[in-house]
Amino acid sequence: MHKNIKRKRYDLFRVFIIFFFLIYSIVTIVPFYFLGVRSLVPTTEAAQFHLVPPKLEGFNMDSTFGNMATYYSIDLKKAKKELGLTGYINPNATWSEISKEKNINPDKIKKYFRSYLRYNGWIALLNDKRFINSVIMTVILAVSSIVVGGLLSVMTASVLAGFRKKWHSWIYALYMLQMIISPVVIIIPVYIILGKNLGLSNSYIALFLQFIKGGAVPVMLFTAYISTIPGTLKDSVQIDGGNRLQYFLYILLPLVKVPFATFTAIMFPVIWNDLLQGLVFLKPEKYTLIPMVNSLQGTYTTNYQAIFAGLSISIIPVLILYMIFQDLFVRSSLSGAIKG
Amino acid sequence: MKRNHKMGISRDTLWDAAFLSPQIILYFSLTILPFIIAVPIIFSDQLSFIDNDVHFVGLQNFVSIFSPPLVNSFIPAIKRTAIFMVLNYATVFIFGMSLALLMYETKSKYRKPFFSIIYLPYMISGLGIGMLLSMLFSRDTGSINLLLLKLGIIKNAIDIKNPSVSTWAFPAFIGWRYAGFNMAIFLGGLLSIPPETIDASRVDGANYFQRLWHIYFPQMFASIMIATVICLIGSWGVFDEAVGMGALTANKNVRFVSILIFKLGFSGVGDAQTGTLAEAVTMSMVVNIPLLVIGILLTRFQKKKQY
Chain S
1 MHKNIKRKRY DLFRVFIIFF FLIYSIVTIV PFYFLGVRSL VPTTEAAQFH
51 LVPPKLEGFN MDSTFGNMAT YYSIDLKKAK KELGLTGYIN PNATWSEISK
101 EKNINPDKIK KYFRSYLRYN GWIALLNDKR FINSVIMTVI LAVSSIVVGG
151 LLSVMTASVL AGFRKKWHSW IYALYMLQMI ISPVVIIIPV YIILGKNLGL
201 SNSYIALFLQ FIKGGAVPVM LFTAYISTIP GTLKDSVQID GGNRLQYFLY
251 ILLPLVKVPF ATFTAIMFPV IWNDLLQGLV FLKPEKYTLI PMVNSLQGTY
301 TTNYQAIFAG LSISIIPVLI LYMIFQDLFV RSSLSGAIKG
Chain A
1 MKRNHKMGIS RDTLWDAAFL SPQIILYFSL TILPFIIAVP IIFSDQLSFI
51 DNDVHFVGLQ NFVSIFSPPL VNSFIPAIKR TAIFMVLNYA TVFIFGMSLA
101 LLMYETKSKY RKPFFSIIYL PYMISGLGIG MLLSMLFSRD TGSINLLLLK
151 LGIIKNAIDI KNPSVSTWAF PAFIGWRYAG FNMAIFLGGL LSIPPETIDA
201 SRVDGANYFQ RLWHIYFPQM FASIMIATVI CLIGSWGVFD EAVGMGALTA
251 NKNVRFVSIL IFKLGFSGVG DAQTGTLAEA VTMSMVVNIP LLVIGILLTR
301 FQKKKQY
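As given, the protein sequences belong to chains S and A, one line each in that order. If you read the first sequence in my numbering, its first letter stands for residue 1, the second for the next number, and so on. If you read the second sequence in my numbering, its first letter stands for residue 1, the second for the next number, and so on.
Just so you know, not all the hints are guaranteed correct.
To be verified - Quick look at which bits of chain S chain A covers, simulated, 3 or more residues with Cβ under 8 Å:
| id | segment |
| --- | --- |
| 1 | 111-125 |
| 2 | 167-176 |
| 3 | 280-293 |
| 4 | 317-326 |
Said to hold, decoys possible - Taking lysine-lysine pairs in the DSS-like style, the calculated list, with each CA pair at most 27 Å apart, reads:
| id | chain 1 | residue 1 | chain 2 | residue 2 |
| --- | --- | --- | --- | --- |
| 5 | A | 112 | S | 257 |
| 6 | S | 110 | S | 81 |
| 7 | S | 102 | S | 80 |
| 8 | A | 263 | S | 196 |
| 9 | A | 109 | S | 8 |
| 10 | S | 8 | A | 112 |
| 11 | A | 109 | S | 6 |
| 12 | A | 109 | S | 283 |
| 13 | S | 8 | A | 107 |
| 14 | S | 286 | A | 263 |
| 15 | S | 283 | A | 263 |
| 16 | S | 77 | S | 129 |
| 17 | S | 102 | S | 129 |
| 18 | S | 80 | S | 111 |
| 19 | S | 100 | S | 78 |
| 20 | S | 286 | S | 196 |
| 21 | S | 100 | S | 81 |
| 22 | S | 55 | A | 263 |
| 23 | S | 102 | S | 78 |
Derived from the structure by calculation, the hints contain no laboratory data. Here a beta-carbon is modelled for each residue, glycine too, at the ideal position from N, C-alpha and C.
Just chain A, same shape as in the assembly:
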């Protein structure tokens, strides 16, 4: 099969290229190329998609996204997203990890039905999740609100439009959505631990928490890394759920960075009040290039640790 590469491209390579090219061309132009064509836009004054009078402005956009009026919406959005990320990461463990650990202790014949139900919210659209949250907890018509009021558990209705409520409720609800997804990742890690290791620790008299700390967590390292990267990237890219809560219209509590970028790029067509398309792209890259680097480093780190 091995051919001399100096003789030119081998038949085998031609077949490889024929099979790869349809998808890799699409993939490259719709995933990698966008980063490349973003570069000239960042240094330009492009107002909108239909703006044909584009000039080079150097680092102007990096200054303008950090100065008024744009900074007044950019910095709060970054803060909001950062808080969301921290709380969202907490839910990965509060929901995903606890459920996986409990599921691990359950007899396998009981696992399936519970697993299916816990996984179910992940099937629903993010938009639907946001709309469900509003449906359950809006002040006057929220179903859970009305139920709790009727049962006398709460005196005053919970108002999801209240910033301090939505700061907590939004990540909690998203944690519920991803509970099954994260549980599956962690359970996969748990189930790949050799049973002998666990038996040995039992014989040595290690209690549950010792086992957790010295066996489960270290052996689950790869799963924890994957869940971390997915949560990190997902938190800064959160969009659908926020739109379901009305982020594109009136609800300012869920106006995350991604929403701001979308609004700048697609709804405010060259509106001086909101900002330019170039500024939106600059914002997106300022926030996401560091994330990409962190994501790549984390996945590489995980691979090194594995071997």
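For reference, chain S alone in the conformation it holds in the complex:
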């Protein structure tokens, strides 16, 4: 009887935990939901609360020509061309005046600007060559750094696994040191080495070198995995007269697919989300994505739609990758893989 009550109480406790996790999950999702909504809320309505993006009231024909650039970051030259407007237009003229003067159907103007009202942040950014360039460069950097950096770390780990010699564990300890050195601590000397001495300032190579230099997590990850591979494999290659390179290329590399996926899942966000290196090494026109998002506050000042759209664009790829790889995270964490 007593046991029964205890059991029931425990079940109730478990229900409570599930309920708590539900609430916590909702609270965690809410900021991202609001971010999406805010990327569609015009600055003029930003001071009101919107649970969903506000309804469009249609284009206001009394707004002036010049204000289109300020409020919606619209390229006026392009708009003029696409609307078939020619000649000088007074920035203070309203659109109803323009339509009368230039003899253009008001509906055409309304239709043209309709999408700009809601999606102007997204449109402005997707038409912003610098922004698009930063996305492309960040993708290239992330992919190349993961391939090269991963390969280098596998090479390192292939030697260190098993700690066959005393100095192997010293090298391992040296890599572990990276865990307690924040990037910002050494950024000034690093800039002197890469930017000044090697002349890599304003070069993506400086970032690439920093991303592939290796560190505690990749070396730990691959070393732990490779040390589980039976040594007989290595010996058999040697008996067959193969050298270490052949062992590495034909035996080891095909075997490290699983830790390589984990490595990608861990390192992609780190590289994608890097702010400091881009800020330090690159000039604003060459910024990678996150420094670019940071600079949006300067370029688009009060166009919150553009700023929040930029932030969303920086988040979406990581989220997609996270959804693909989340099994790896959960499995590796829940199996008690992190033991120190």
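Please build the complex by placing chain A on the supplied structure of chain S, with the hints as guidance.
Then chain A, alone, in the frame of chain S:
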């Protein structure tokens, strides 16, 4: 396989070196070498990166970072970072530890979806986290602010620009970001406890808190140490989140040591008002060398305790 080392470098060692060298050379020059080349700079009057007229000034920089005008920004930054570190460390347990303990009591089939969502904010850039905090709580346009005002829960809007608000909100939000990360560390520790130990304590009639104190915490010691070291180092190196809150521009509430060092090194090019590059490097080393020592000691201590 064993060869006589006196005969010279063995073939095996040559292969080792060939495989290690590409990464270790990079790693050494970009992680260890910076500390070495920082040494001469600390004792010099180097103004900026382009300054070629550098002289030896002895311990001058150690004096000047603790005297006006630099001390007026250095000491507040240290205080700010120290407070942040304490609160940030609290969130490691408030978020990470509680979530891990609750997750441990959850049936494993329910773990996965919750785990994924709790871990999610860690995937987002630190800059994005800072910007989200501003987006949700800025006084006039903050979404949560406007929501709470509309629901009548608060009368006056919360102002994230207010120093006393951001002192608490900033670490809390960062705690939310790292919740999944810390939870994973602690849960890893919990799951590695042999089930027999826990069953035995149950049979002995130990209640939950007794179990927590006498079994879970001691067995999780390694995890707690790792989380402590990561939090300690991370707190003094906090950068991205602060930049997201506008630390490099106007927001003085989040001007931590790392921000100050960055500003001295990279934006104030030899500006007498802000300080020199040499002073920035000196500051960085004064703050971080003790941290490094503490970090190394803590990790060594943890390893000793393990065996």
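Consistency of the hints with the structure:
1. 111-125: Answer violated; 0 residues pass the 8 Å Cβ test.
2. 167-176: holds (count 5)
3. 280-293: This one holds; 3 residues, not fewer than the three required, reach chain A with a Cβ under 8 Å.
4. 317-326: With 4 residues in contact (Cβ-Cβ under 8 Å with chain A), the coverage given for the segment 317-326 of chain S holds.
5. 112(A) to 257(S): holds (23 Å)
6. 110(S) to 81(S): holds (16 Å)
7. 102(S) to 80(S): Between residue 102(S) and residue 80(S) the Cα gap is close to 11 Å, so the pair holds against 27 Å.
8. 263(A) to 196(S): holds (18 Å)
9. 109(A) to 8(S): holds (20 Å)
10. 8(S) to 112(A): Distance of about 24 Å is within 27 Å: holds.
11. 109(A) to 6(S): holds (23 Å)
12. 109(A) to 283(S): Cα-Cα ~49 Å, so violated.
13. 8(S) to 107(A): Within the cut-off at roughly 15 Å; holds.
14. 286(S) to 263(A): holds (20 Å)
15. 283(S) to 263(A): holds (16 Å)
16. 77(S) to 129(S): Given pair residue 77(S), residue 129(S) holds - Cα atoms ~16 Å apart, limit 27 Å.
17. 102(S) to 129(S): The given pair, whose Cα atoms are some 31 Å apart, is violated under the 27 Å limit.
18. 80(S) to 111(S): holds (14 Å)
19. 100(S) to 78(S): holds (20 Å)
20. 286(S) to 196(S): The given pair, whose Cα atoms are some 18 Å apart, holds under the 27 Å limit.
21. 100(S) to 81(S): Answer holds: residue 100(S) to residue 81(S) is near 18 Å, not above 27 Å.
22. 55(S) to 263(A): violated (43 Å)
23. 102(S) to 78(S): Given pair residue 102(S), residue 78(S) holds - Cα atoms ~17 Å apart, limit 27 Å.
In summary, the numbered hints that this structure violates are 1, 12, 17 and 22.
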